[in-house]
Every structure is written in C-alpha cells, then in structure tokens.
Amino acid sequence: MHYKTIAEWSQELSTKKISSEELTRMMLERIKKLDPKLNSFITVTEEHALQAAKAADTLHSQGKAGPLTGIPIAHKDIFCTQGIKTSCGSNMLDNFIAPYDATIVSRLKQAGTVLLGKTNMDEFAMGSSNEASFYGPVHNPWNTDYVPGGSSGGSAAAVAGYLALAATGTDTGGSIRQPAALTGTTGIKPTYGRVSRYGMIAFASSLDQGGIITRSAEDAAWLLAAIAGHDAQDSTSMNLPVPDYAATLNNSLQGLRIGLPKEHFDANLNPAMAQAIQIAIQEYEKMGASVQEISLPYSSLSIPAYYVIAPAECSSNLARYDGVRYGHRCEQPKDLEDLYKRSRSEGFGSEVKRRILIGTYALSAGYYDAYYLKAQKIRHLIRNDFVEAFKKVDVILSPTSPTPAFKLGEKTQDPISMYLSDIYTIAANLAGLPAMSLPAGFIDGLPIGMQLTGNFFQEAPLLNIAHQYQKITDWHKRMPEGF
Amino acid sequence: MSLTVENVKKIAHLARLNFSEQELALYTPQLSRILDFVEQMNQIETSHIEPMAHPLDLSQPLREDKVTEVDQHKLFQATAPKVEADLYLVPKVIE
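Protein sequences appear in the order of chains A and B.
All letters in the first sequence, in the order written, are residues 40 to 522 by the numbering used here.
All letters in the second sequence, in the order written, are residues 751 to 845 by the numbering used here.
Hints in this document: simulated from the structure, not taken from any laboratory.
Here a beta-carbon is modelled for each residue, glycine too, at the ideal position from N, C-alpha and C.
You may find that some hints are simply not true.
[Unchecked claim] Each computed BS3-like pair below joins lysine-lysine, with the alpha-carbon atoms no more than 27 Å apart:
#, chain 1, residue 1, chain 2, residue 2
1, B, K832, A, K373
2, A, K148, B, K759
3, A, K76, A, K124
4, B, K832, A, K124
5, B, K760, A, K373
6, A, K71, A, K93
7, A, K124, B, K842
8, B, K842, A, K373
9, A, K373, B, K759
10, B, K842, B, K760
11, A, K148, A, K124
12, A, K72, A, K103
13, A, K446, A, K76
[Unchecked claim] Derived CB-CB ranges, DEER-like:
#, chain 1, residue 1, chain 2, residue 2, range
14, B, H804, A, K43, 36 to 42 Å
15, A, Q452, B, K759, 20 to 26 Å
16, A, Y407, B, P811, 26 to 32 Å
17, A, I455, B, E756, 22 to 28 Å
18, A, M326, B, H763, 29 to 35 Å
19, B, V755, A, I482, 38 to 44 Å
20, A, Q293, B, S752, 53 to 59 Å
Assemble the whole structure, with the sequences as input and the hints as a guide.
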C-alpha cells in the first residue's frame with residue numbers, strides 16, 4: 040500500500056482515506072525499521088513531523104489544504120532548518136542549530152509538507168559517493184554493498200527506499216542527478232537562478248542550485264512549482280514567472296528534436312549502458328520525436344575546468360568557518376592563528392581539505408591566470424557549445440553517469456576516478472542549464488539513469504519529456520527488495 | 751605541475767589548515783595529480799575568449815537604500831562557541 044506517488048497520496052489525503060498523521064507515522068516507522076540499512080538520515084524530526092502532520096490534517100478538515108498539504112518529505116542537511124540541527128555532513132557544523140529557514144524550506148513548509156528529517160550527504164556537498172560524510176557512508180537500497188552516489192546520496196537513498204516521498208537536494212556538478220541515476224529515482228537540477236539559494240549552505244556559488252529527488256517526473260513537477268521563483272533574499276534568483284509545470288506534463292512529443300552528443304556516447308561508456316539508452320531513444324522515436332547527433336566539442340574539458348572553479352569558490356566560501364561565529368571551535372587556542380587552524384583542521388574532513396587546498400592554490404598570486412581565469416574561459420566555450428546545440432535541438436539526451444553504482448570503497452583512494460563519475464553532468468552546471476535524470480533500466484540489478492538537458496529556464500519541457508517516458512515504462516515504479 | 755611538500759605547507763598556511771607530516775605525504779602527490787589533470791585545459795588556445803564568471807548575464811539588482819534588517823544578534827549569537835556581553839570572544843590579539 041505504501042508505494043504510491045505524491046499525486047496518489049494527495050488524492051487520498053483530500054478524500055480523507057488517510058490522515059497526514061497516519062501517513063507520517065507510517066513513514067517514521069519505515070525510517071526506524073529500514074534506515075539502519077541505509078544511513079540515509081542524519082536527523083529524524085519525529086516530533087516536528089507529527090506536529091506538522093496534525094496541523095495539515097486540520098487544514099484538510101477545514102477545506103484549506105493545497106495539493107502538498109500533509110505530504111511527508113525530507114531535506115538534504117545542507118538546507119538551514121530553523122531550530123533543527125543543520126550539519127552539512129560535517130563535523131564543523133555538528134553542533135549547528137540553524138537560526139532561520141532556507142527559502143526552499145519555508146516554501147515547502149508553507150505548501151503544507153511535513154518534514155521527516157534531514158538527509159545524509161557528502162561533507163559540504165563535495166563528493167560523488169556519499170562516503171565523505173562525517174556521519175558515515177550511505178548505502179544504496181538496491182544493493183547495500185554499493186554507494187548511492189553523491190553528494191545528495193541520503194536524499195536519493197531515502198526516496199529510493201521509500202523512507203520519504205520526496206527529498207530536496209543540491210547540484211553543483213551532478214549531486215542531484217548522479218545519485219538519482221544510481222538509485223533509480225527522478226532528480227531535477229533547475230536552471231541556475233530558478234530556485235533560491237538563500238539558506239542553502241554555499242559550496243561553489245556560481246554553480247550551486249537546489250532541486251528535488253522524487254519517484255516520478257509528475258511528483259517533481261508538483262514540488263518544483265512549490266520551490267521555484269524569485270526570492271529577494273538571493274540576488275542571483277531570477278525574477279521570472281513560474282509556469283504551471285503539471286499543466287504541460289501531457290503535451291505531445293510529436294516533432295520534438297532530441298540531440299545526442301557524440302562525445303557522451305564514446306568508448307568510455309559502459310556498453311550495457313549504451314544499449315539501455317538506445318532502447319529509451321527508440322521509445323522517444325515511437326512517440327514522434329526525431330533524433331540527431333550533435334557535438335559538444337569542449338565537453339571533455341568540463342571536469343578539468345570544474346575542478347578549478349568549484350574548489351576556488353569553495354576555498355573562498357569555506358573561509359567563513361573560523362571557529363568564532365558558529366561551528367566547531369578547538370579547545371584552548373593559544374592565539375588567533377591557532378584558533379583558526381586547529382578549528383578548521385579538526386572540523387573539516389579530507390575531501391573538503393583537498394578542495395580547499397586546490398582552490399587556494401588556484402587563486403594564489405601568480406597562478407590565478409593559469410588556473411582560474413583559464414577555467415572561466417573554458418567555461419565560456421562550454422556554454423557556447425550548448426547555445427549552438429540548442430539552435431538545432433530542443434533537448435539533449437545522454438546517460439547521466441558512465442556506469443551504474445560502484446562498490447563502497449572502490450574509488451575512495453583515487454580522487455580523480457571519483458571526479459570522473461560526474462563526466463556527463465558537470466557541463467550543465469558550468470553552463471547554468473536545467474537538467475534531470477530519470478530511471479532508464481537496470482544492469483545486474485542496479486538502476487541506471489538517463490539525463491535530459493534543456494535550454495535556459497525550460498524545466499517544463501524537461502518534465503513533460505520525462506513524464507511521457509514514465510507513462511510507457513515502469514522503471515521508476517520498481518522497488519528494491521526488502522523495502 | 752608537481753608540487754613539493756614545501757609548496758603544500760605554504761598553501762595550507764594560506765588556507766589556515768594544519769597538516770601532519772603523514773598527511774602532507776599523502777596530500778602532496780594527490781594534489782599534484784589533480785593539477786596535472788586540470789592542465790588538460792592548456793590544450794586549448796583561449797587568448798581571444800572572454801572569461802565567464804557566472805551563468806547569467808545579469809547586473810546585480812538594486813533596492814531602495816532603506817534598512818530592512820532587524821537586529822537579531824541574540825538569535826545568531828546563540829550558535830556561537832564563545833560570547834560575552836554580546837561580543838564574540840577570541841584569544842588576545844593585541845598585547
């Protein structure tokens with residue numbers, strides 16, 4: 040009975056077949072019983088959840104409920120939640136109780152959702168396997184020896200294991216899409232500027248974008264509508280109207296032009312993955328779409344450019360953790376420099392330190408032009424690739440990740456092999472484009488994802504294209520055994 | 751680009767991080783490999799390309815020059831490790 044979508048639960052709530060309190064208790068029970076296998080939550084907010092559920096039930100009984108009133112969800116622990124621990128997966132913020140709500144949090148609260156808890160993540164969103172969390176790794180519900188991807192690995196695993204109906208995430212280089220692909224869930228990274236970053240702990244500010252992980256494109260449409268839109272608290276938030284995403288889900292795909300970047304279907308791609316994506320492409324052709332090969336000639340430079348820009352912005356953003364105003368502070372500092380150095384060295388984990396060092400180096404005197412400026416120029420070329428491509432096609436289709444989930448520990452010794460798991464996702468962040476991942480099959484029992492990248496602010500067509508595929512396939516409805 | 755342990759010590763100081771000798775031995779080759787990897791960027795001639803700092807070609811929005819913030823220092827200082835008389839405490843800076 041529990042594998043329903045948000046749309047289905049919403050119907051049951053509004054017709055009083057179930058109360059939000061009952062639904063919330065059911066989800067809390069599932070978390071208690073099943074999360075020890077996954078470690079997908081850092082904090083479970085049982086009391087808050089039950090209180091919010093009761094308030095939602097009151098709204099339902101007064102006829103004042105909206106479509107999301109009473110729907111239990113989870114937030115990635117990168118979003119500030121007033122009065123609730125917000126750790127960002129780091130020892131640095133293990134003691135941090137956020138004094139205010141992020142805009143995503145307050146908007147979803149206003150929409151009536153019930154917060155079940157805060158999900159596990161790679162520390163400060165830096166990682167692709169969720170093994171870089173102070174709170175221990177997250178396990179993939181499809182096979183608990185495997186990683187769920189990262190950095191929004193807790194959100195993806197919780198949604199895949201049905202411990203939350205949806206969960207928020209953030210995506211700086213693929214951190215929503217890659218874990219969605221590896222766990223068989225649906226994840227959308229909106230256009231840069233579509234969703235407010237206020238109260239979302241910063242990693243790389245010109246790349247970070249909040250979004251959601253759900254069990255279907257339809258659910259994603261409902262949730263995106265709730266979180267998208269201008270926010271005066273974020274100066275990079277775009278002041279554009281938010282379309283009714285649900286209204287266009289059933290548009291016909293007749294005449295849709297799909298581009299396949301030849302650089303993403305090269306020899307690096309797992310052959311079984313290539314085959315699964317080919318089958319999906321044929322499904323789109325049957326629905327009236329046309330397919331053509333395109334080229335994104337500079338895409339091979341997206342990871343090198345990213346691993347200059349993201350660490351540079353990270354080293355600057357994370358300078359705020361000084362042991363003075365909030366976060367971890369070392370014991371008995373002997374002077375101010377000792378306070379900074381020991382607080383930071385004790386508070387940050389090894390991947391975060393690695394990136395701070397790279398970024399500090401890239402921005403330091405004498406190296407700025409060779410690294411940071413060079414990377415920004417490459418970034419321009421990468422965006423131009425997409426601008427050219429979108430003159431010929433409406434959407435770009437590719438795999439989300441070059442392989443299905445890998446084993447825990449498989450890539451932790453070699454940072455570059457870990458970085459390469461984001462090879463197909465990073466370019467969308469550099470360009471600022473919206474992109475999503477949806478389930479497109481399985482290889483040896485592990486889910487794989489297909490990525491759709493759209494033009495600026497074209498989230499509605501992406502959701503429409505994804506929904507049409509989900510109407511004729513059932514990959515997104517499958518449940519891992521034991522969940 | 752090959753970094754030496756001395757280079758990494760200097761960068762670590764700039765970033766206000768401490769590392770043990772063991773950590774330096776681990777980080778130095780890792781960082782060198784990452785820098786070698788990003789140097790693939792040099793395959794491309796970019797002297798004629800404008801750097802792109804941000805995805806959106808926008809100027810910063812302006813607002814009226816009015817105070818909009820309310821004083822919430824008690825709330826924000828509640829999460830600080832050491833506060834006295836509304837001030838953040840740090841080790842003595844000036845003798």
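Evaluation of the provided hints:
This hinted pair checks out: B:K832 and A:K373 have alpha carbons roughly 15 Å apart, not beyond 27 Å. Our distance criterion of 27 Å between C-alpha atoms is broken by A:K148 and B:K759, whose separation comes to about 46 Å. Between the alpha carbons of A:K76 and A:K124 the distance comes to roughly 22 Å, so the proposed pair stays at or under 27 Å and holds. Of the pairs offered as hints, the one joining B:K832 and A:K124 holds, with about 19 Å between alpha carbons and a cut-off of 27 Å not exceeded.
Taking the CA atoms of B:K760 and A:K373, the gap is about 21 Å. The hint holds against a cut of 27 Å. For a cut-off of 27 Å, the pair hint linking A:K71 to A:K93 stands: about 20 Å separates their Cα positions. For the proposed pair A:K124 and B:K842, the alpha carbon gap of about 31 Å is over 27 Å, so the pair is violated. Between B:K842 and A:K373 the alpha-carbon distance is near 9 Å, which keeps this suggested pair within the 27 Å criterion.
Annotation: proposed proximity of A:K373 to B:K759 holds, straight-line Cα distance about 20 Å (limit 27 Å). Under the criterion of a C-alpha separation no larger than 27 Å, the hint pairing B:K842 with B:K760 is consistent with the structure, at around 25 Å. Distance hint between A:K148 and A:K124 is fulfilled; the C-alpha atoms sit about 17 Å from each other, no more than 27 Å. Of the supplied pair hints, the one linking A:K72 and A:K103 is violated, its CA atoms being roughly 33 Å apart against a limit of 27 Å.
As the CA atoms of A:K446 and A:K76 are separated by approximately 15 Å, the hinted pair is consistent with the 27 Å bound. Between B:H804 and A:K43, the C-beta spacing of about 41 Å keeps the proposed range 36 to 42 Å intact. Take A:Q452 and B:K759: their Cβ atoms lie about 23 Å apart, and the range 20 to 26 Å holds. For the hinted restraint 26 to 32 Å between A:Y407 and B:P811, the CB-CB distance of approximately 28 Å keeps it satisfied.
The hinted window of 22 to 28 Å between A:I455 and B:E756 holds, with their beta carbons roughly 24 Å apart. One distance hint, 29 to 35 Å for the beta-carbon pair A:M326 and B:H763, is violated here, with the actual separation near 59 Å. Remark: the range hint 38 to 44 Å for B:V755 to A:I482 is upheld by a beta-carbon distance near 43 Å. Distance hint for A:Q293 and B:S752: a CB-CB separation of about 57 Å, consistent with the stated range 53 to 59 Å.
In terms of the numbered hints stated before, the structure departs from hints 2, 7, 12 and 18, listed from lowest to highest.
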